[in-house]
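Trainee: If you want the building blocks of each chain, they are given just below.
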Amino acid sequence: MTERVLKEIHRILLDLLGRERCRESFEDRFCASYDGSRQSVIPDLLVEPASREEISKILEACYARSVPVTPRGAGSGLTGGAIPAHGGVVLDLSKMDRILELAPKDLLVVGQPGVILADLQRRVEEEGLFYPPDPASSEFATLGGTVAECAGGLRGLKYGVTRDYILGLEVVLADGCVLRTGCRALKSVTGYDLTRLFVGSEGTLGVFTEVTCKLVPLPSCILTLLASFPTVEGGTEAASAIVASRVLPRALEYMDEQCVRCVNDFGEASFPAAAKSCLLVELDGFDEASVERDEERVERICRQNGAVTLETASDPQKRDALWTARRAISPALYQMSPQKVNEDICVPRSRMSEMILEIQRIGSEMGLTIVNFGHAGDGNIHVNVMLGDEKEMERAKEAVSRVFRRSVEMGGTLSGEHGIGISKAPFLSMEVGRKELDVMKRLKALFDDRGILNPGKIFP
Amino acid sequence: MSERGPEKNHGWIEALDRCARCGKCRSVCPAFKLLQTETDVARGRISLLQAKAEGKPISKERLRELFYSCIKCYRCEGNCPSQVKYGQIISRMGFDYGMEGFGSRMMAWLLRFMLPRRGIYDLVVKMASWLQKVFPSPKGERIRHLPISFFHRKSIPSLAETPALKLSSMRTCEEAESVGSVVFLFTGCLCNYVYPEMAEATKTVLEYAGFQVRLPKEQLCCGMPLKAIGDREGAAMLAERNMELFERYCPDWIVSPCPTCTGHLKRGYPELWDQRALPWSERCIDMSELLCKNSEFADRLRATRRKQRLIRITYHDPCHLLWVLENQEEPRTLLRSLAELIEPKEGAQCCGMGGIFSAVHPLLAAEIGTRRAEELLSVDPEEIVTGCPGCILQLKERTSARGENIPVTHTAEFIARCLLDQDS
Chain P
-1 MTERVLKEIH RILLDLLGRE RCRESFEDRF CASYDGSRQS VIPDLLVEPA SREEISKILE
59 ACYARSVPVT PRGAGSGLTG GAIPAHGGVV LDLSKMDRIL ELAPKDLLVV GQPGVILADL
119 QRRVEEEGLF YPPDPASSEF ATLGGTVAEC AGGLRGLKYG VTRDYILGLE VVLADGCVLR
179 TGCRALKSVT GYDLTRLFVG SEGTLGVFTE VTCKLVPLPS CILTLLASFP TVEGGTEAAS
239 AIVASRVLPR ALEYMDEQCV RCVNDFGEAS FPAAAKSCLL VELDGFDEAS VERDEERVER
299 ICRQNGAVTL ETASDPQKRD ALWTARRAIS PALYQMSPQK VNEDICVPRS RMSEMILEIQ
359 RIGSEMGLTI VNFGHAGDGN IHVNVMLGDE KEMERAKEAV SRVFRRSVEM GGTLSGEHGI
419 GISKAPFLSM EVGRKELDVM KRLKALFDDR GILNPGKIFP
Chain X
-7 MSERGPEKNH GWIEALDRCA RCGKCRSVCP AFKLLQTETD VARGRISLLQ AKAEGKPISK
53 ERLRELFYSC IKCYRCEGNC PSQVKYGQII SRMGFDYGME GFGSRMMAWL LRFMLPRRGI
113 YDLVVKMASW LQKVFPSPKG ERIRHLPISF FHRKSIPSLA ETPALKLSSM RTCEEAESVG
173 SVVFLFTGCL CNYVYPEMAE ATKTVLEYAG FQVRLPKEQL CCGMPLKAIG DREGAAMLAE
233 RNMELFERYC PDWIVSPCPT CTGHLKRGYP ELWDQRALPW SERCIDMSEL LCKNSEFADR
293 LRATRRKQRL IRITYHDPCH LLWVLENQEE PRTLLRSLAE LIEPKEGAQC CGMGGIFSAV
353 HPLLAAEIGT RRAEELLSVD PEEIVTGCPG CILQLKERTS ARGENIPVTH TAEFIARCLL
413 DQDS
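Residue numbers (my numbering), protein chains in the order written: chain P, -1 to 458; chain X, -7 to 416.
Hints are not guaranteed to be accurate.
To be verified - Derived Cβ-Cβ restraints for the label pairs, each shown as a range:
(1) X:N71 - P:E407: 38 to 48 Å
(2) X:M98 - P:V3: 37 to 47 Å
(3) X:R409 - P:E18: 48 to 58 Å
(4) X:S287 - P:E294: 37 to 47 Å
Unchecked claim - If you want the ones that stay clear, here's a sample from chain X, every Cβ over 12 Å from chain P, calculated:
(5) G93
(6) L102
(7) V116
(8) S150
(9) K158
(10) G172
(11) A228
(12) C242
(13) N286
(14) V352
(15) D413
Since the hints were made in silico from the structure, they are not lab data. If you're wondering where the values come from, they're calculated on a predicted model, not measured in any experiment. The C-beta atom is built at its ideal place from N, Cα and C for all residues, glycine as well.
Please model the complete structure; the sequences and the hints are all you need to start from.
Mentor: Spelled out as structure tokens, the structure:
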């Protein structure tokens, strides 16, 4: 991209959007350079389109001149998905934040990409409906961002992830033409499923301008249970046993020994003192009797696996109290050491216990503190390698690489819900074979032959 | 203000580096909710300050602008998963860049001249109150517009006839008696000149609870307005003058009806004076927390409750009381023993007042305030109770702008009224 091309594109976008929405000051551009992965590449321009037509014109102009374009929501991703790795134009979509339609009879909601996920959830809950994908960032992440990264969250086990709730998309392709995928019906087998291809594509195939989401009825009874175990295996084995017993909790969170200790030492809340691992189980449903029946079953399984303490709550305040220690994990980890490497592998559920022990073995072999917690129900483990100082970084990278390899060997994956982005691109070929990678690259070229959309992501 | 060289930036870089760039502040910042630009939220400011410290080309003027677009409500600090000390960061941002430009320096110079001289301060306020009478508001309502252009469209309230510090009812005996702990009542400027009744009520309630209240006339502005425009020296000067008073009176507690003052005395003074401020910092406390330390007082309040019809109130959390002093339950405990307390479903939200913020960004402040007023009115209360004169100023203006004539009362006033009703 030459200076001349840049000047030209600046002039075109300035004419299109005006000074307020086409920003070139260093300060504005710098604030579009980073995300939750703490990497930073400064774009050449920051634009804030307000409509599909504007996005289409911006892409058309950029495509004609091969200027890179990176779509951006809240910039809360954890693998660099929103970072303009090759510079160029950043499309900040956070002001396209309207809910366009809520259709309770069709059980669907249509939103613009900049809607804050939690706002959408609160809005549909007013109608007694439920949009389950629930990443920890739901209060600030945008709908478009969660679709692009295929966000997961706590409720994956029972309700699935973002891809299970996207019925259709309106997408602007690299050359500016507009595509509509999917439909408003629940079932549809007309041709290839383009919608699924776009979900989780990390902004490399197109820019979403409208998202149609499926909804389900909002469960009325919720029950939370916190169990602590005197051994590390107690927690993971109870988790596997719960899944095997055909109970389907809406959340099944696991906390390992290091994690419990870290919260007790540094956090504002605490887990039961003798605990070496804990499980936080949340059950939901529409009638109390069945939820309580499930609860009894979960309780029995926890006791069989040696649970030493068990607490149950059903009213919102007490349930919230049981979640406080879980929520204290993140701040407590920062207290323990401000620098850490955070990965989100996911393994088949039956291998959960084995994987946790494996990670701890890798940690102790390499002299690193690794704290594990995560969504045990779906095998998604958040692996946090704590760094005492910068020198440990190299060893941490090595440890992560070993963890990835083991995860893939067990039939698992590099990333359950954060995406590949920049951070995990070097590891992609560990999981994706040569032929599969080739198909992916050809698909990318089909949608964006000049490679202007979010370049530098996913592919090594 | 002079910038610090890289050699002095050691702790500073670490403080900024604590930010994990997660973006959570975007979900709690009241100004960001309207502006929606990354530069105007804690994560953006922190990133820019870090880039500036690393020598990137970031303009001081822009940093100054971004310092003023922050309400300084501390919500982001209270909600930060990485426990970033945003309060300290924004103070330092002000000290480094707030005084860029002629306007702020003039303002600082005026304030530095007026605030330490009580006689001149009184006179200026007196003149302003005459002006208000010459230009009465058309509807003759409580809140009038002062015809001074730098306040833009911000209206300022009618000033009190007599400041709190000069009220005869506020006379206190100068010598400590042998019983009860001694409370230094720090009125703060807003309560002194606009709402002396709140200072009076605080005194009444504290005395009722058995404290000995002192009201030293020599007390000055806490210095927050100077800190809010980035004048470190001015703020430090006022802090020192007030600390000298604390050192002379040696109170057990320092209480102000204004949580912004209390917060600044408690957290801001140690930032300016380190060790010297610490003994007083520990003694700065909100009235609600002090009263809750005494279980007997709560019992007496409950006894009052039985004799009266319960009125339906809603409580608004002042940001500095909630996020700086961390008193969430205390005011509620007191109020619940006297009234039926109903909370809006949005929970604690900022009213948008923010001192200097509402003068620099009057339209934004009004929009945030209107939204908050609507949330509070949505539970259909007979009265709105809150613990801060700034919030009261804003909420009175915003509710009356919507044509609502609902009382907005300070927690101290509400409690004092209940206690007096019972006595009569």
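Trainee: Decide, hint by hint, whether the structure agrees.
Mentor: Status of the hints after comparison with the structure:
no., hint, verdict
1, X:N71 - P:E407: 38 to 48 Å, "holds, 40 Å"
2, X:M98 - P:V3: 37 to 47 Å, "holds, 46 Å"
3, X:R409 - P:E18: 48 to 58 Å, "holds, 49 Å"
4, X:S287 - P:E294: 37 to 47 Å, "holds, 41 Å"
5, G93, "holds, 17 Å"
6, L102, "holds, 30 Å"
7, V116, "holds, 37 Å"
8, S150, "holds, 38 Å"
9, K158, "holds, 45 Å"
10, G172, "holds, 34 Å"
11, A228, "holds, 29 Å"
12, C242, "holds, 33 Å"
13, N286, "holds, 26 Å"
14, V352, "holds, 18 Å"
15, D413, "holds, 32 Å"
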